[in-house]
Amino acid sequence: MKKTLSEKLKNDILLISVLLAVSLILLAAVKLLSPAGGTVLVRINGERSESLPLGTDCEKLIETAEGSNLLVIKDGKASIEDADCPDRICVHAGEISRKGESITCLPHKLTVTIEGEAPAGFDAVSN
Amino acid sequence: MKNRKIALCALLTALAMILSYLESLVPLSFAVPGIKLGLANAAVIFALFSLNGKYAFLISLIRVFLVSVLFGSVMTLAYSFAGAVLSLAVMLLLKKTGAFGPVGISVAGAVSHNAGQILAAVLLLETGSLVFYLPVLLISGCIAGSLIGIVSGIIISRMKNIV
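Protein chains in written order, with our numbering: chain A, 1 to 127; chain B, 1001 to 1163.
Check each hint, because a few of them may be wrong.
When the alpha-carbon atoms are kept at most 30 Å apart in a straight line, the in silico DSSO-like pairs for lysine-lysine are as follows [to be verified]:
hint : chain 1 : residue 1 : chain 2 : residue 2
1    : B       : Lys1054   : B       : Lys1096
2    : A       : Lys10     : B       : Lys1160
3    : B       : Lys1005   : A       : Lys8
4    : A       : Lys99     : A       : Lys77
5    : A       : Lys74     : A       : Lys60
6    : A       : Lys99     : A       : Lys109
7    : B       : Lys1096   : A       : Lys10
8    : A       : Lys99     : A       : Lys31
9    : A       : Lys31     : A       : Lys60
10   : A       : Lys10     : B       : Lys1054
11   : A       : Lys77     : A       : Lys109
12   : B       : Lys1160   : A       : Lys8
13   : A       : Lys60     : A       : Lys99
14   : B       : Lys1005   : B       : Lys1054
15   : A       : Lys99     : A       : Lys74
16   : A       : Lys8      : B       : Lys1096
17   : A       : Lys74     : A       : Lys109
18   : A       : Lys60     : A       : Lys77
19   : A       : Lys31     : A       : Lys77
20   : B       : Lys1054   : A       : Lys8
21   : B       : Lys1002   : B       : Lys1054
Computed list of chain A residues with no C-beta within reach of chain B, every gap over 10 Å [said to hold, decoys possible]:
hint : residue
22   : Leu41
23   : Arg43
24   : Asn45
25   : Gly46
26   : Leu52
27   : Thr64
28   : Gly76
Just so you know, the hints here were simulated from the structure itself, not pulled from any lab data.
Given the structure is predicted, the values throughout are model-derived calculations rather than measurements.
Ideal Cβ positions, reconstructed from N, Cα and C, are used throughout, including at glycine.
Use the sequences and the hints to build the structure in full.
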């Protein structure tokens, strides 16, 4: 049986609503359930350049061959506060704090990733 | 009649390719990679409604193959195929039910395209953390899919007498 146009439109809207609801629930679940990270790993051109603890507040100007980005760690969250790249997508990306989250600055070939659990015990041993 | 359809099919494939190319010129990268408008899907949805599923399938796969060969790499081919095949399967299925219009089908296609690409990336790169991108991509897929669906719907009704 062929449905009329308005019936189809109603189904379309229902489908979109369900998808949006599911994605919002997933978004909330990812934000809440994903484990908090411990270290902030900075990679330039794919190579590890810096590894900073997420627990200690600091500001660091990261110089790459293409330009610089100001990495700020505050209250267990990392963000790029300032950068001289043309698109400044990294600055707009906001704060990250959960394991696996990352900020990318393509023009500077820079990525900032949150890694693993707080390395406190491990560091005590390895030091 | 058949020749006419084949010609139209070729025309739509060419159109889908140009739309993909145009889209690659205007990168829409916000916080998450993979966010895009999916302009080429308009041609596929048009084929799905005005021709049939078989033609839509052909147009999409040929488009993905040619665009990857011309403008991309083997890796983009793998991602795009995963996205396109899943997206087509979902769109064909929903079209078969007869319950949805172009907007719903376009949204379902967009969302499953994103899901297919994430799945391919997770399998190829072996990084489960890419799943974090999924919710954001679902939302962007809903928005982009709706826009493309609305445009496709208008084109389908305008072209009814010509095809």
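If you check each hint against the structure, which ones fail?
-> none
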